[in-house]
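Spelled out, the chains give:
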Amino acid sequence: MEVALTTVTAAPPHSAKPPPRRQMRLPVRNALVGWSFILPNFLGFAALTLVPVLVLFYMSFTNWNIFGGSEWIGLDNFRRLLGDGSFRIAVVNTLYYSALHIPLTIACSLGLALVLNNKLRGAAFFRTAAFFPYITSIVAIAVVWNLMFSPDYGPINQVLHLVGVENPPGWLTSTTWSMPAVVIVSTWRDMGYYMILFLAGLQAVPRELHEAARVDGASTVQRFFNVTLPCLRPTTFFVTVIITISSFKIFDLILVMTDGGPGQSTLVLSQFIFRKGFEENQFGYASSAAVALFLMCIAVTAAQFLWNKKRSS
Amino acid sequence: MKRSTIATAGIAAAAALVLVGCSSGNPGGDPSEPSDTGTATSTETEGGDAEPVTISVSGWSLDTTPEFQVLADGFTANNPHVTVELKEYDAAEYNTLLTADLAAGAGPDIITQKEVKFLTTFQEGGQLLDVSDVPLPDGISGTSSYEVDGVAYAVPYRQDSWVLYYNKDLFAAAGVDEPDGSWTWDDYADAAAAVTTGLSNAGSAAKGAYLHRWQSTTQGFANAQAPGADILSGDFGHLAPFYERVLAMQDAGSQIDFNTSNANQLTYQGEFGKQNAAMLPMGTWFVATLISQQAAGEADDFAWGIAPIPQLDASTTGTDGTPVTFGDPTGFGINARVGDDKVQVAKDFLAYAASEEAASALAGIGITPALVSDAVAEIFFAVDGAPTDELSKFAYSTNEVKPENPTSNQTATVQGILGDLHTAVLSGSESIESAIAAAQQRFDNEVN
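Protein chains in written order, with our numbering: chain A, 1 to 313; chain B, 1 to 448.
These aren't lab readings, by the way, just hints derived from the structure by calculation.
Model, not experiment: these values are computed from the prediction.
In silico SDA-like cross-links for lysine to any residue, where the CA-CA straight-line distance does not exceed 25 Å:
#1 B:114 <-> B:412
#2 B:274 <-> B:193
#3 B:274 <-> B:389
#4 B:274 <-> A:153
#5 B:347 <-> B:51
#6 A:119 <-> A:205
#7 B:274 <-> A:144
#8 A:249 <-> B:96
#9 B:114 <-> A:259
#10 B:347 <-> B:52
#11 B:168 <-> B:390
#12 A:249 <-> B:93
#13 B:114 <-> A:67
#14 A:249 <-> A:135
#15 B:393 <-> B:293
#16 B:114 <-> A:66
#17 B:114 <-> A:256
#18 B:114 <-> B:408
#19 B:114 <-> A:279
#20 B:274 <-> A:143
#21 B:342 <-> A:67
#22 A:249 <-> A:235
#23 A:249 <-> B:416
Pairwise CB distance ranges (calculated):
#24 B:97 <-> A:69: 20 to 26 Å
#25 B:97 <-> A:32: 39 to 45 Å
#26 B:190 <-> A:259: 30 to 36 Å
#27 B:187 <-> A:137: 44 to 50 Å
#28 B:85 <-> A:251: 34 to 40 Å
#29 B:85 <-> A:52: 27 to 33 Å
#30 A:76 <-> B:385: 54 to 60 Å
#31 A:251 <-> B:51: 47 to 53 Å
#32 A:69 <-> B:150: 23 to 29 Å
#33 A:251 <-> B:150: 39 to 45 Å
#34 B:88 <-> A:55: 26 to 32 Å
Every residue, glycine too, gets a C-beta built ideally from N, C-alpha and C.
Build the full structure now, drawing on both the sequences and the hints.
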């Protein structure tokens, strides 16, 4: 009996000790599990984005032309950029495009979202219609708008003639009007997408606030500025950041609509990079222009984040 | 809700139709007669005394560009121990894709040079073998485009040149004399105006001429014909009279203006083939296209011919002179990494591609070879639907073809600057004087 007892009591100290593997601390384990979920996506990101971007930074300090060795030339590429008239034109044009495109798109998409947020008959249809340009092929868009902008035969100038405009603009054939024309098309194309984001934001505006404001006698305009807009701020911030970045790197629409012309009137940074790299084989120089574009995007985005932080505190 | 779903579906269907409509382009670049053979050739080496060798050749749009298959078949018929493998690339991105393959060390043995301006990129990158010892027939043109410091890095097999296409029926309807080979550009402008007026009196809206939107349609002739012109010198003053003439023709209404052509995305095949214009300066590749489009009913049925391109002055006009025009060759280079066992076979392939035998085979499928002898010209014009007059044969076979793109690593940059000048001037947004001044300033700033 006694023997049996000792055996029984001797066993627990061994079995109570968990196997060493289980001793891993919980936060570490959680992190590992989390990373293993992210890993497949991260591998793709690293191979296809992160590593090429890091290589790009290195290449911007070399005179690489795709074949053979790349010689380290320090800051020569960036010095050349500063003196390059075409690069300067590309920067100015990119800023000009962004300055027109960002406010116009935000205003249009927010306006659309406000209208279509109402219990309007057929709202679902109109929402779909507004989203359509965004999913239409960019080449089709370019061809059709090119026809519409035709200075002599296009419907836009014919309407302008009808309403009494004596000298309607030459649109894509004029160095003055080509950029506004591109902005009109890109705004028309993008506003449906950002409208969806604003619509989602509007759903989150508490109804009680509107009711309270109405009871206090606030007008529709007052309610928009004092209830809707402040509640929408996270959405507006997100949309502004996304539109800013996409405006800085606008490429496809310009390539198919104007190819930078007439002259250099719509030459933007991405296209400058494309031309230097893939048409003139100056990949080192093109990389340095890409770094410049990257720095511009980072600087503006950081400024927006700081401003947003200041506003919310 | 149900109604909006149906409406959405309707819009989706309409959009799909729009997208499908916009995607039916011609991917092949210069369309020619379709090939009836497969994409690769393999010849059995029964009883041959040589070791079997396989060489690869890069090409594009093999379905619509049968020249590679024709050359491969011709070469393997003479060399049964060789297999020629065609490596297809996308036509529009040919140089980018080929560059990537070469940089990765996976390029073809024989590198087809689609555009001359990339030759220096490949050569400076050490990708091309010296092929100066490949025997070439007398009278072949385009070789200088592939020479760097006296060393040849490729051999031309195809050389299109620019000629003047004209519609004989429209000239007759307008009551204007057809081109006779004696024209200068001023004669051409006068004839375009006369044909436009004559056709308008006859109740037709067709124009005297159509000038396509490419920068080469104006600059190519200026660079080839103006004395001492050299785009690499940074002096672009010679372009002015050529642009002034084009602008005057646009203003006079004897050709469709650049902006309308651009907005409506007009094609030169449509403008000439549908008889909207009586004259068209264009490369010789259009001969085969026009013949096949007339046969297929895509183009109207009318009598046409080709004449020498108008000249700057009378010194090079007439059928006893040698008209000056421009064009770039297409050629073959050899990959510097090719194995020792393949070098000789690759050089033999280049020699064959440049030979009169290959030239005759190419002419038979409507391609203008780099070597145009009388016999080759006979074969070219023997095709059904080709013009039969003497002037067409003269225009095709007698000319001095100056390179469109000088062989230099600065050509791409300079052509980019001149391309911007072209759109600025022809759209009417800048005067030719200020555009030339701006281009020269950019040249000083960007080309070093």
